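Protein chains: 2
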Amino acid sequence: MECVVMAGDHNGAAPMNDEIAHGVAHGEPSILVFDVNETLIDFESMNPLFQRVFGDARVMREWLGHLFMYSMTITAAGLYEQFFTLGQGLLRMLGDIHGVKVTDSDTEQIRRGMLTMPAHPDVEVGLTRLADAGFRLVTLTNSPLDPGGRSPLEHAGLAHFFERQFSVDAVRAYKPAPRAYHLVTQSLRVPPASCFMVAAHLWDTMGAQSCGYTAGLITRPGNALLPVESLPRPNLVASDLPGLADQLIRFRR
Amino acid sequence: MECVVMAGDHNGAAPMNDEIAHGVAHGEPSILVFDVNETLIDFESMNPLFQRVFGDARVMREWLGHLFMYSMTITAAGLYEQFFTLGQGLLRMLGDIHGVKVTDSDTEQIRRGMLTMPAHPDVEVGLTRLADAGFRLVTLTNSPLDPGGRSPLEHAGLAHFFERQFSVDAVRAYKPAPRAYHLVTQSLRVPPASCFMVAAHLWDTMGAQSCGYTAGLITRPGNALLPVESLPRPNLVASDLPGLADQLIRFRR
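Quick mapping for you: the protein sequence lines, in order, are chains A and B. If you read the first sequence in the UniProt record's numbering, its first letter stands for residue 1, the second for the next number, and so on. If you read the second sequence in the UniProt record's numbering, its first letter stands for residue 1, the second for the next number, and so on.
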């Protein structure tokens, strides 16, 4: 699936196809800001852990939903705790909810899992295409960087594509808090309109757009558009990164 | 299950049982602020709708998780849309994710469902006990008030227990954003320490505590504590409202 939506379409019932993508048609954006978790690397690789502990691999999605929700919760409340520690606590919380024993070995395994997820198979092709087209590539992730070893991106063999890696850990506020996105633009000393967020999560594209970025959604399994007219829709939508890359390259010309 | 946790225990690995509940032992709190959805009224009443549309009642929990997460998302992004409209859009989003057709009749039914959920069976007994003990009772809900008819609380036959009903709609910011909790204390002209949040969701107790409230968690099915030492735990925990009422009455003396 590929479709294009008008940028800044916060109010209208714009058609989801065959529109020129405003904001990506005038030489901008020049900088692509990539989310990492699920966008570039594959959370489904942790399914066997959830199958083993809970007897049901679908609990992975439940855990991931809680992980995003509680990262937003603590940010709204003005608190902070690192992503992996939060993920480990939530695994224990889900154990209580499902009446399943979660051991120290399980929580250690999920921490290791979050650090060592493989790249989605379409990612290398897409990143190569975008780098060749002259885009500057950076990342902005909810995960802390380099916690005593290689980052998730290094583990996945993708780090060499990016000129900078940013983590929300530097501002102690999770996406979609504005100061996460502003961290990137302020650090690079560029205006938000130069930046295009690439994410598999709509909450990430909405946050970026609210800070003046344009944004594209990769509709990986479990992700879709939210048809509420008053809320921003992604400027571009594709089912994989090469598809999004082709749109970006086409509309930028 | 009943257990009591020290108030303000943000850092220690405090035992979860047999502790005196600080902050509820000195004549305070005098005002109990009740969450409504799931805390007082029963979302499981919408299971048949999800069974019919998705062939799986468990999709209700997935929808509810998305509803909370996207209410936090739009608040973080500085945006706002009413709770029921968001819920209707998310039903369509889940239809796309699951490859299921969601009709206008389905979205109208979920709006009606959100307005007309029944009270949990333990609630009337618990509220009566707390009112008799002299607590002032108010509500603070993510739902808009009285959208052209009776509020969810009136439908559930519970409205007469409360001296005031507050909605986040008045501040266009969803819980756990601080200005939702501050709406109550500022409107009542009381300090946060006079207020005790009663909720079935940990993200709600965490938000309230971060604003200076004390708070109690009702661990209805699907809800549990989050064992992360740096994050606030509820001051009181019980599996139903009468259990929480008994603790509040005991510790306030």
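I should point out that these hints are in silico values taken from the structure, not numbers from a laboratory. These numbers were taken from a predicted model, which means no experiment stands behind them. From the three backbone atoms N, C-alpha and C, an ideal C-beta is built for every residue, glycine too. Just so you know, not all the hints are guaranteed correct.
Which stretches of chain B does chain A cover? Using the computed rule of at least three CB atoms under 8 Å from a CB of chain A, they are [claimed, not checked]: (1) 176-183; (2) 225-234.
Using C-beta positions, here's what the derived DEER-type ranges look like [what the hints assert, rightly or not]: (3) 58(A) / 212(B): 33 to 41 Å; (4) 191(B) / 164(A): 40 to 48 Å; (5) 104(A) / 108(B): 44 to 52 Å; (6) 149(B) / 164(A): 50 to 58 Å; (7) 229(A) / 116(B): 44 to 52 Å; (8) 150(B) / 52(A): 32 to 40 Å; (9) 99(B) / 52(A): 21 to 29 Å; (10) 229(A) / 56(B): 23 to 31 Å; (11) 108(B) / 189(A): 44 to 52 Å.
Derived list of chain B stretches under chain A, where covered just means 3 residues or more per stretch with a C-beta under 8 Å from a C-beta of chain A [to be verified]: (12) 64-74; (13) 151-159.
Checked hints:
1. Coverage of the stretch 176-183 of chain B by chain A holds [criterion: at least 3 residues with CB-CB distance below 8 Å; count 3].
2. A count of 7 residues in the stretch 225-234 of chain B with a Cβ less than 8 Å from any Cβ of chain A is obtained; the coverage claim is therefore met, three being the minimum.
3. Distance hint for residue 58(A) and residue 212(B): a CB-CB separation of about 39 Å, consistent with the stated range 33 to 41 Å.
4. Between residue 191(B) and residue 164(A) the beta carbons are some 45 Å apart, a value that agrees with the proposed interval 40 to 48 Å.
5. Distance hint check: the CB atoms of residue 104(A) and residue 108(B) are about 49 Å apart, consistent with the given range 44 to 52 Å.
6. Restraint check, residue 149(B) to residue 164(A): a C-beta distance of roughly 53 Å satisfies the suggested window 50 to 58 Å.
7. Distance hint check for residue 229(A) and residue 116(B): the Cβ-Cβ separation is about 25 Å, which falls outside the suggested range of 44 to 52 Å.
8. At about 48 Å, the beta-carbon gap between residue 150(B) and residue 52(A) misses the expected band of 32 to 40 Å.
9. For the pair residue 99(B) and residue 52(A), the supplied restraint of 21 to 29 Å holds, since their beta-carbon distance comes to about 28 Å.
10. Distance hint for residue 229(A) and residue 56(B): a CB-CB separation of about 28 Å, consistent with the stated range 23 to 31 Å.
11. Taking the beta carbon of each, residue 108(B) and residue 189(A) are about 50 Å apart, inside 44 to 52 Å as hinted.
12. Chain A is given as covering the stretch 64-74 of chain B, and this holds because 8 residues of the stretch bring a CB closer than 8 Å to a CB of that chain, at least three being needed.
13. Remark: the stretch 151-159 of chain B is not confirmed as covered by chain A, as 0 of its residues place a Cβ nearer than 8 Å to a Cβ of that chain, below the required three.
In summary, the structure is inconsistent with hints 7, 8 and 13 from the numbered list given earlier, while agreeing with the others.
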